[in-house]
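Model the full assembly from the supplied sequences, consistent with the hints where possible.
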Amino acid sequence: MMRHIGRSVERADAWGKVTGQTKYAGDLQLPRQHHGRILFSAHPRARLVAIDTAPALAIPGVRKVITAGDLPGSNRYGYNSVLHRPVLVPPGEETRFVGDAIALVVAESEAIARRAAKAIFVNYDPLPAVSSPRQAMLPDAPRIHAAAEGNCCCRREFAHGDVAAGFRGAEVIVEQTYFTPRQEHAFLETEAGVAFVDDTGVLQILSCLQDPYGVAEDIHQALGIPKSRIRVKVTPVGGGFGGKLDTTLQVHLAAMAWLSGVPVRLVLDREDSLFFHAKRHPMEIRLRLGARRDGTIQAMEGEVIADAGPYSGRTFEVVGLTISALTGPYRINNVGVVGLGIYTNNLDSGAFRGFGAPQAAIARELLIEKLARALDVEPVELRRRNFLQPGDRPVSAMLGDSPNSLAELDARLQELLGPKPPASGPSKRVGRAISFDMPVFDVGAIPVLGKSGVGATVEIHSDGSVSTHAGGVELGQGVATVLAQITAEDLAIDVNQVRVELSDTWTCPRAGRTSASRLTYVLGNAVLLATGALRATLIARAAERLQARPDQLVLRDGAVQLAEEPDRAIAFAEIARTCSDRGDNLREEGWYRYPEDRYIYGHTFMAAAADVEVDLGTGDIRLLKLVNLLDMGKVINPTLAAGQQYGATVQGLGLGLMESMTTKDGRLQTPTLAEYLIPTALDLPEALILGSIETPYPTGPYGAKGIGEAALNCTTPTLLNAVADAVGAEICQVPLLQEHVLAAIMRHEDD
Amino acid sequence: MTAFEYVKPASLEQLISGLLKAGRSGAVLAGGTDVLVKIRAGKMEPRVLFDASGVPNLRGLHDEGERLRIGAAVTMAELASSPLVRAKVPALAEAAAQVGARQIRNRATVGGNIVTASPAADSVPPLLASGAALILAGPDGRRELSLAEFLTGPGQVLLAPGEVLVDVVVPADRPGIRSRFLKVGRRRAMAISVISLAGRLEMTGGIMREARILLGAVAPTAIRAFHAEDALRGRRPSAALLAEAARLAAEEARPITDVRATADGRRRLVEAWALHLLQSLVDGERRCV
Amino acid sequence: MRVTVNGTPHELNVAPHRSLLDMLREDLGLTGTKKGCDAGDCGACTVLLDGVPVNACLVLAVQAEGRAVLTIEGVATEDRLHPLQEAFVRYGAVQCGFCTPGMVMSAIALLNETPQPSRTEIQDALAGNLCRCTGYVQIIDAIEAVAKGTG
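Protein chains in written order, with my numbering: chain A, 1 to 751; chain B, 1001 to 1289; chain C, 2001 to 2151.
Think of the hints as simulated: they come from the structure by calculation, not from any bench.
Since we're looking at a predicted model, the values are computed, not measured.
It is possible that part of the hints are untrue.
[What the hints assert, rightly or not] Below, a list of computed lysine-lysine pairs in the DSBU-like style, where the Cα atoms sit at most 35 Å apart:
1) A/K233 with A/K625
2) A/K428 with B/K1043
3) A/K625 with B/K1021
4) A/K118 with C/K2148
5) A/K23 with B/K1043
6) A/K227 with A/K118
7) A/K23 with B/K1038
8) A/K233 with C/K2148
9) A/K118 with B/K1021
10) C/K2148 with A/K420
[To be verified] Ranges between beta-carbon positions, derived for each pair:
11) B/T1262 with A/R32: 51 to 59 Å
12) B/E1210 with C/D2027: 55 to 63 Å
13) C/A2015 with B/K1038: 17 to 25 Å
14) B/M1044 with C/D2027: 51 to 59 Å
15) B/T1002 with A/L57: 34 to 42 Å
16) A/H748 with B/L1158: 21 to 29 Å
Every residue gets a Cβ at the ideal spot worked out from N, C-alpha and C, and that includes glycine.
Here's what the structure looks like:
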């Protein structure tokens, strides 16, 4: 019987957040704090001819104006050793997107910094922007990076079996091309930070971000500052979702603090944030499926073209995940998919919840619906006929063993869904759709994510209070609470005795990135390794005092007890004091590596269903019911897990019905949150129902899986397919707007 | 934000003389939900802002029997919740209730909505449908002007130098008149209208005596669908007739393609929703959207 | 200018173009009210102005002259959280917390005006407060629970 695992323990940071006491990066007020501002490029692509900073320097209150020539170090940084991104574009070079930085200003106030940035005179020679991957791939297209022929950032292949033979054996073939939108994270807190050089010459960065180690690395690469003199501390993050995973303004902030000699605060305007950080990769996905008349899919073939934007970033991994996620939870043994990441001068592309899997789910689930229509088979029945069966090995070699819970999910979904409701009027139609997916999560076996090892430190203080230090970041997902629960559970103490300290590169062992739904799994396991070592230490001392053998003792109910005689016990605080007095090491670092030497993801299963009512006269969509069902593995904290599931589902709803960051010639057409629309509280379905099952993951802490991203994956295509079912016509548009629904209705009437 | 001076006139006269003196570099601040956003975006650069909230008698809502007199500084929230407006000009209350969200409605004023003159301004179609008139006060005194004449283009109104919008005078719906407003946005709140429609139908003895159909967000200003109205006048409603009127209304729309929708898409939406609107007016129901 | 904030009268000099939001955050150090967009699009800066929820970014500081402002810092009493704050914690309505102050203010205004709101009325009251983390459901649950007295 577990004390804390499976309990909705209240989050320790909640009090500060509900009272407004929590200090986010933009709330910090340091003595002598100055204000920074970034001058961004006025053009998506232009040759930077000259910069005249004199007009800015003439403004009273301006402390420093920085251009590329002032920067120490290489002025280049980039993810995964592709060091091709400049901090500041040097004169003579070309800008690559509107988020490239040209100059930095440090001033006494935000207003002065703003005015000074505007006063900098920049001479550009504007050039035609490469505004789509297709355009970028043309033979005469300008090269955005000298070394990248055809503007190709990466080319990846996913192949299995014999695709040609598969299609020969197919009696029905369907094909379609889908365009998935550029989705913006729209976290409520824009990028922000404060940086200063302390009195020992250490550069300290206090900022909201998802990868403190990556930020330190990028600052070092770009500015040449030794790592031992860089300290990155993550402030409470007001939402990330992958948008704060890449280094955002921290290198610029570091340069400002390093060169101006004063603490510098930098908070991005929403308008700047919208074009600056990397977004979900827009993709063109052409997919083809061949099946027998009985519905069994024989082959899948396709091509993915992802808009990488100006820099490579995570494009290699996202494209890789997309092409390997296309088969989903289905038995498709003949697969041939090519994925291209192509540079453009559009906005930058990078990590966003799902990391390429939502795009794959959109294409796959929409095409399966089309296949069902072609075969005249009920769509959910077609999916069932192609489910991976227990014992099947998924074709992706990147997946390990995870019990197949599709049948259980399917059954549970039917319970939650109930019968399809009747339409509420003569000109209305109710549509229903069901999709399935096989979301993945990191288990510490992807080298770039955790650099093959992840640590957490647990320290028992002499008074019995406990500190857990871990390098993961609290984005709101509740990692601090989950780690407190795991620490307290294994040590058999109250959860209030545990304090979790996160994301300080100086005090926390390397933890890798807060992404890929990985923290509960990798840090939970690292914590358990630490607490395991601590238990041994406590038990060894207790064995002496209780005159028993260590193997007779357990930690239970806040004490070390004789398993057979619980009354013979020593309270936790007391044994901690004893160990401390005796000079035992009570601070253990757990270092977690995935038990096998393989490059793999963990995976799980999900289902989504939607009932919608479409008014055939107006195209208006009523979202009657949206069900999201996820195999979560062992749920550590039900309220937190539900929060992830709700949040991801509503982001999927937004992606399906309203969200698109469009660009024209490299310029953003949705410059504010009045044009880029995310769901409001009034956009929820009439019933949003969550469900979960718990199939323990063999190597997860207490059987936990990574679940933060999963619920988003097939929400989007489920909504679209439900509308298609109501209208009786294929729907391919993402996001699906009212005018598209009307067009589909008219198409159906024509047919 | 560019700095400006702030003045809070205590009387209408002070406001008028201040505006006159400031000329092009002065602007009225009412709710601030448009003006402050524009200033911050650099789309407006006034040197002086005149806060209208100190001027008495701009916030009244007066029942004048066959019409309503609404002060220019009455907020959307007040319009949406006013029993008077809901009873006498229900389409206006409907429109006001769908502007933005509560925080916006608590500040945004009907006068500001009219003077900002966005082609998608939500209070405009129902006011035009009712034949609203405006009372303007300026250095040369007061004058009355129809709302239709007042709006001349996107962001363009017939305000003389020093002139201020003081009142909106709206004929009340007489018995036998049904009116409605609806908007189509890309989400259910905080959305600039993709299209909007206001309809006002006078039906007696089963015959449509007079119909007014207003289309918003599909032309430089909100426009009357005159051909559609002509088709309905004096006739009994039928499915075919309403469909024809809706088709005519869509033809009269002059929409553009922008970030919210395509021109063709807007036309299709106008036709579909005009039909829906007419059906609901004829049926006399407040249909939920 | 004179303004009462969370029950305390203040007298300050502010530039005419300064927003109420900046005045609260920077001149009074009340950083609980957040700046999410500075354009009235997100509701993170929601405060109660004479009891009415508004976006503080769209009110000039000088427009608050002689009026009463309630911010998140004025909601809890010295020894107790407001029932809404407690419910937000309990129901998982708080994740990253950035929208939370604005949400609480909108919820307070709603319950003051409509003590027994329907779920749709709650949604309407929150429509001007964007949240990207929670998907709103647990926030609505928390407010509903307080309204029903089960919070």
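Now the hints, each set against the structure:
no., hint, verdict
1, A/K233 with A/K625, "violated, 42 Å"
2, A/K428 with B/K1043, "violated, 44 Å"
3, A/K625 with B/K1021, "violated, 59 Å"
4, A/K118 with C/K2148, "violated, 53 Å"
5, A/K23 with B/K1043, "holds, 33 Å"
6, A/K227 with A/K118, "holds, 34 Å"
7, A/K23 with B/K1038, "holds, 30 Å"
8, A/K233 with C/K2148, "violated, 42 Å"
9, A/K118 with B/K1021, "holds, 30 Å"
10, C/K2148 with A/K420, "holds, 31 Å"
11, B/T1262 with A/R32: 51 to 59 Å, "holds, 53 Å"
12, B/E1210 with C/D2027: 55 to 63 Å, "holds, 57 Å"
13, C/A2015 with B/K1038: 17 to 25 Å, "holds, 19 Å"
14, B/M1044 with C/D2027: 51 to 59 Å, "violated, 25 Å"
15, B/T1002 with A/L57: 34 to 42 Å, "violated, 21 Å"
16, A/H748 with B/L1158: 21 to 29 Å, "violated, 47 Å"
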